[in-house]
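Enquirer: Sequence:
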Amino acid sequence: MNKIPLVFVALFLFVHTAFALDIKNVLIINSYHKGYYWSDTIIDTLQKNLEKENCYLHVLYMDSKRINTENYLDSLTKSYQLQLEKREFDLIVAVDNFAYDFVCKNYEKLRLNQNIYFIGLEKSPSEIAQTYNLLPKTSGLMEKRLIVENIFFIKETLPRIKKIYIVNDESKNGNDTHTFIEEAMMRFKDEIEFKYIRSSSLSELKSLFHAFREDEALFFVRFYNDKEGNLVDNLQLTLFLNECKIPVFVTDNEFIDFVFGGYILHVEKMAHQASIEINNILKSYTFHPQINTYTLFEKVINYKKLESFQKQFTISLSNTTKLINSPENFFDKYKLFINIVFILSPFLLILIIGLIYNIYVRIKKTHLLEQRMEFDKILLESLDHPIVWYNENGFIVESNKNFERFLELSFENSPHIQLKTLIEDNTINVLMKRLFEHTRKNFSALEIDLTCKDNNKKHTFIIKNPEYAQNTYNLKGNVAIFLDITDIRHAMQKQRKQQEFIIQQSKLAEIGEILSSIAHQWKTPLIEISAIVQEYFYVQHRLLEEEHAAYQNDVMTQIKYMTDTIDDFQTFLKPSNEKITFNIQESIEKILSIVDHTIRYNHIEILMDIEENSNLCIYGYKNEFMQSLLNIINNAKEQILKQKEKTKTLKGMIKITIFNQNDYLILTIEDNGGGVSQPNIEDIFNPYVTTKSNGLGIGLYMSKMIIEDKMHGKISVENSRFGAKFTIQLKVCHYENSRA
Numbered sequence: 001m002n003k004i005p006l007v008f009v010a011l012f013l014f015v016h017t018a019f020a021l022d023i024k025n026v027l028i029i030n031s032y033h034k035g036y037y038w039s040d041t042i043i044d045t046l047q048k049n050l051e052k053e054n055c056y057l058h059v060l061y062m063d064s065k066r067i068n069t070e071n072y073l074d075s076l077t078k079s080y081q082l083q084l085e086k087r088e089f090d091l092i093v094a095v096d097n098f099a100y101d102f103v104c105k106n107y108e109k110l111r112l113n114q115n116i117y118f119i120g121l122e123k124s125p126s127e128i129a130q131t132y133n134l135l136p137k138t139s140g141l142m143e144k145r146l147i148v149e150n151i152f153f154i155k156e157t158l159p160r161i162k163k164i165y166i167v168n169d170e171s172k173n174g175n176d177t178h179t180f181i182e183e184a185m186m187r188f189k190d191e192i193e194f195k196y197i198r199s200s201s202l203s204e205l206k207s208l209f210h211a212f213r214e215d216e217a218l219f220f221v222r223f224y225n226d227k228e229g230n231l232v233d234n235l236q237l238t239l240f241l242n243e244c245k246i247p248v249f250v251t252d253n254e255f256i257d258f259v260f261g262g263y264i265l266h267v268e269k270m271a272h273q274a275s276i277e278i279n280n281i282l283k284s285y286t287f288h289p290q291i292n293t294y295t296l297f298e299k300v301i302n303y304k305k306l307e308s309f310q311k312q313f314t315i316s317l318s319n320t321t322k323l324i325n326s327p328e329n330f331f332d333k334y335k336l337f338i339n340i341v342f343i344l345s346p347f348l349l350i351l352i353i354g355l356i357y358n359i360y361v362r363i364k365k366t367h368l369l370e371q372r373m374e375f376d377k378i379l380l381e382s383l384d385h386p387i388v389w390y391n392e393n394g395f396i397v398e399s400n401k402n403f404e405r406f407l408e409l410s411f412e413n414s415p416h417i418q419l420k421t422l423i424e425d426n427t428i429n430v431l432m433k434r435l436f437e438h439t440r441k442n443f444s445a446l447e448i449d450l451t452c453k454d455n456n457k458k459h460t461f462i463i464k465n466p467e468y469a470q471n472t473y474n475l476k477g478n479v480a481i482f483l484d485i486t487d488i489r490h491a492m493q494k495q496r497k498q499q500e501f502i503i504q505q506s507k508l509a510e511i512g513e514i515l516s517s518i519a520h521q522w523k524t525p526l527i528e529i530s531a532i533v534q535e536y537f538y539v540q541h542r543l544l545e546e547e548h549a550a551y552q553n554d555v556m557t558q559i560k561y562m563t564d565t566i567d568d569f570q571t572f573l574k575p576s577n578e579k580i581t582f583n584i585q586e587s588i589e590k591i592l593s594i595v596d597h598t599i600r601y602n603h604i605e606i607l608m609d610i611e612e613n614s615n616l617c618i619y620g621y622k623n624e625f626m627q628s629l630l631n632i633i634n635n636a637k638e639q640i641l642k643q644k645e646k647t648k649t650l651k652g653m654i655k656i657t658i659f660n661q662n663d664y665l666i667l668t669i670e671d672n673g674g675g676v677s678q679p680n681i682e683d684i685f686n687p688y689v690t691t692k693s694n695g696l697g698i699g700l701y702m703s704k705m706i707i708e709d710k711m712h713g714k715i716s717v718e719n720s721r722f723g724a725k726f727t728i729q730l731k732v733c734h735y736e737n738s739r740a
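Read left to right, the sequence shown gives residues 1 to 740 (UniProt numbering).
Just so you know, the hints here were simulated from the structure itself, not pulled from any lab data.
One or more of the hints may lead you astray.
Stated by the list, open to error - Calculated pairs, DMTMM-like style, for lysine to aspartate or glutamate (alpha carbon to alpha carbon, straight line, at most 20 Å):
hint, residue 1, residue 2
1, K227, E127
2, K163, E127
3, K163, E214
4, K704, E682
5, K137, E127
6, K123, E182
7, K144, D101
As the list claims (entries may be wrong) - For each label pair, taking beta carbons as the anchor points, the in silico distance ranges come out as:
hint, residue 1, residue 2, range
8, I23, L351, 25 to 33 Å
9, R721, P466, 51 to 59 Å
10, L202, H178, 19 to 27 Å
Only a predicted model underlies this, so the values are computations on that prediction, with no experimental measurement involved.
Even glycine gets a Cβ: it sits at the ideal position worked out from N, Cα and C.
Sequences are here, hints too, so could you generate the full structure?
Expert: This is the structure:
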C-alpha cells in the first residue's frame with residue numbers, strides 16, 4: 001500500500017517531463033531577404049512569442065524583391081530539397097504570397113506533409129490552394145491595406161485637399177493592391193483629382209515631390225521595385241519620404257516616423273496575433289483550417305510633420321487621431337515619477353498622518369515626562385532618606401537635599417573626616433567604595449554607623465544600591481538609597497526589652513505554682529532524710545563501715561533529687577539569648593517533671609502520643625518555648641479543676657500528640673476541661689485578656705509571641721468534643737539522631 005503514492009509521484013514526474021520536452025519544430029519560409037523591415041518584424045515577433053512555448057523556428061529566406069525568375073525558383077527548390085531532406089516539422093509558416101505560392105507549387109517535391117499557415121497575404125489564397133489540393137491544410141492571417149479609409153482620413157485631416165498622388169510599384173504585391181486602388185479612385189473621382197504612379201524611378205519621384213504644392217498630398221502604398229526592376233531598400237525610401245515637401249500618408253507603421261500620417265496597420269501587432277493562432281494550432285490535436293483577416297488599425301499623425309505643414313495647410317484632427325513624436329509635456333516627461341507618486345501617495349499620506357500623530361504623541365509624552373520629572377523631583381525631596389543617582393562612570397546625575405546633609409556625617413572611627421571630602425570631581429566612586437569597605441567591619445553587610453560632627457549623635461544607615469538601565473539611551477548606573485534606621489533600631493531594642501519583660505512577668509506568674517509543686521516534691525525526700533538520720537543516730541555504734549556508707553548514700557540520693565529540682569527550676573527561669581536546636585520531647589518531659597506533683601495531686605492523667613519515626617528537633621529559644629508549653633498545660637489543669645467542681649466524677653486528662661506533616665512538626669495539647677466560651681476564644685491570644693479572677697492576661701499572649709514572632713511558627717486554638725485543643729506548628733530541623 002505504501003508504494004502506491006510513489007507510483008503516482010513517478011507517473012506525474014514522467015508526464016510533466018514529457019510535456020516539458022514536447023518541443024515543436026516550425027519551418028518559416030520568408031518571401032524576402034533578411035533586412036527587409038516588414039518580414040523581419042514578423043519573424044522576430046514570432047520567435048519571441050513562440051520560443052516561450054517550447055517552439056523552435058527554422059527560417060529559410062527567399063529573395064523575391066530582387067529576383068523572381070523560374071530558374072531562381074527551380075534552384076531554390078533543389079536547395080530546399082537538400083536542406084529539408086531529413087528534417088521533420090510540425091507546421092510550415094509562409095510569410096507573404098511569394099513564399100505561400102512557392103510552398104503550394106513545391107509541396108510534393110519538398111516531400112512536405114505538414115499543415116500550412118500563411119501571414120501577410122492581401123488576396124485570398126483559395127484559388128492556388130484548391131489547385132494543389134492544399135485548402136484543407138491551409139490556415140492563415142490576411143493583411144488588408146486600407147485604401148478607401150486612408151483617402152477618407154486624408155480628406156478628414158486636410159479638408160481643402162484637391163489632388164492626391166498614389167504610389168504603388170508593379171510587384172506582385174502591388175498587383176494585389178492595384179484593384180483596391182482603382183476602386184477607391186473611381187469612388188472619389190468627382191471630389192479629388194488622382195495621379196496614380198506605378199512605373200517610375202526613385203529619382204523621378206524625388207524630382208516630382210521636391211517642391212511644395214498647395215492642397216496636394218502623397219498616398220504612399222509601396223515602392224520596392226523601380227521601373228527597371230531594381231530593388232529600392234528601406235533606407236532609400238526613408239530618405240525620400242522624409243524629404244517630400246507635401247504631406248505623405250502610408251498604410252503601415254514602417255515609415256510612420258518620417259511621414260505626415262496614415263490610417264495604419266501595426267506589423268508587430270499583426271504578427272503577435274499570428275503567433276497566438278500558430279500556438280493554438282500546435283497545441284491542438286486536430287487541425288481546423290481557418291483564414292482570418294487582421295482588422296486592427298489606427299489613425300496616426302506625426303507631430304513633427306504636423307508642425308512643418310500647419311502653416312501651409314488647414315489641418316483638422318479628430319478625437320480618434322493619435323499624435324506621435326510630440327514633445328514631452330510635464331506629465332509625459334515625468335510619467336514614471338508621477339505614476340510612482342500616484343501609487344505611493346496613499347502610503348505617503350498614511351506616513352504623513354503617522355508622522356503628525358507621532359509628533360503629537362511625542363509632544364504629549366514630553367509634557368507628561370516633564371510633569372513626571374517634576375513629580376519625581378517633589379517626591380525625591382519629600383523623602384526623608386538620602387538618595388543619589390549616579391551613572392556607570394560614577395558621575396552624580398541627581399540627588400536630594402537629604403543626601404547633602406548626609407555628606408556632613410563622618411565615620412565613627414574617623415569623626416573629623418566628613419563624607420563630602422570623599423566626593424571627587426562630582427564622582428561618587430571613592431565614597432561608595434569606602435562605605436562598602438566599612439560595612440564589612442560591622443555585624444551586618446548592609447548597615448553602617450555614622451556620627452554627626454556637631455553633637456556626636458550616632459546614626460545607623462542601611463545602604464541599598466540597585467542598578468538601573470535605560471535601553472532607549474543605552475544608559476546604566478545605580479540608585480544609592482541610605483535608609484536611616486536609627487529610630488527603628490531604638491524601637492526594636494525597646495520592643496525586645498518589652499517582650500523580655502513580659503516573658504519574665506509571665507514566668508513570675510508561674511513561680512508560685514512551681515514553688516508549690518517543688519514544696520510538695522521536697523516533703524517526701526525531707527521525711528526520708530529525717531527517718532534515715534534518726535535511725536542512723538540509734539544504730540551507728542553497731543554499724544560496720546559498709547553500712548555507714550549505705551546510710552550516707554541514701555541521704556545523698558535524696559539531697560541530689562532536691563538539687564536537680566532546684567536546678568531545673570533555675571534553668572527554667574533563665575532567659576534564652578540564642579536560638580538552639582533541641583528535642584521537643586525532652587523539653588516536654590522536663591516541663592512535666594516540674595509540674596508532676598501538682599498534676600498527680602489533682603488526679604489528672606497526662607497522655608503523650610508521638611508518631612513513630614517523627615523528626616522531633618526544632619530550632620528556637622528552648623526555655624521560652626518550655627514556658628509557653630507550661631502556660632498552656634497550667635491553663636488546661638485549671639480548666640479541668642473548674643470542670644471537676646461541676647462534675648465530681650470527672651477524670652481529668654491532658655493529651656499531648658506529636659507528628660510530622662510535610663516539613664513541619666505538629667504539636668497538639670488537648671484537655672477535657674469543657675473548652676473556651678465562644679466570645680473569649682477569638683481574643684484568647686490578645687494581651688491582658690483573662691477569665692481568671694486574679695489572672696494577668698499575658699500568659700497566652702506571651703506564648704503566641706514566642707512561637708510566632710520569635711520562632712516563626714503558628715499557634716491556634718479550637719474547641720474539641722470535651723475541651724480545648726491547642727495546635728502548634730513549627731519548622732523541623734534536620735540532623736542525625738533526631739528521630740523518635
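Enquirer: Assess, step by step, whether the Cα of K123 is no farther than 20 Å from the Cα of E182, and give holds or violated.
Expert: holds, 15 Å
Enquirer: Given the hinted pair K163 and E127, is their alpha-carbon gap at most 20 Å?
Expert: violated, 37 Å
Enquirer: For the pair we were handed, K227 and E127, check the Cα-Cα distance against 20 Å.
Expert: violated, 29 Å
Enquirer: Please check whether I23 and L351 have a Cβ separation lying inside 25 to 33 Å.
Expert: violated, 51 Å
Enquirer: Mind checking the alpha carbons of K163 and E214 for me, to see if they're no more than 20 Å apart?
Expert: holds, 9 Å
Enquirer: Is K137 within 20 Å of E127, Cα to Cα?
Expert: holds, 14 Å
Enquirer: Would you mind confirming whether the straight-line C-alpha gap from K704 to E682 stays at or under 20 Å?
Expert: Holds: K704 and E682 sit about 13 Å apart, inside 20 Å.
Enquirer: Looking only at beta-carbon atoms, does the pair L202, H178 fall within the given range of 19 to 27 Å?
Expert: holds, 20 Å
Enquirer: So the hint says 51 to 59 Å: do the beta-carbon atoms of R721 and P466 match that?
Expert: holds, 55 Å
Enquirer: Can you confirm whether the C-alpha distance between K144 and D101 stays at or below 20 Å?
Expert: holds, 18 Å
Violated hints, listed in ascending order, are 1, 2, 8; each of the other numbered hints is respected by the structure.
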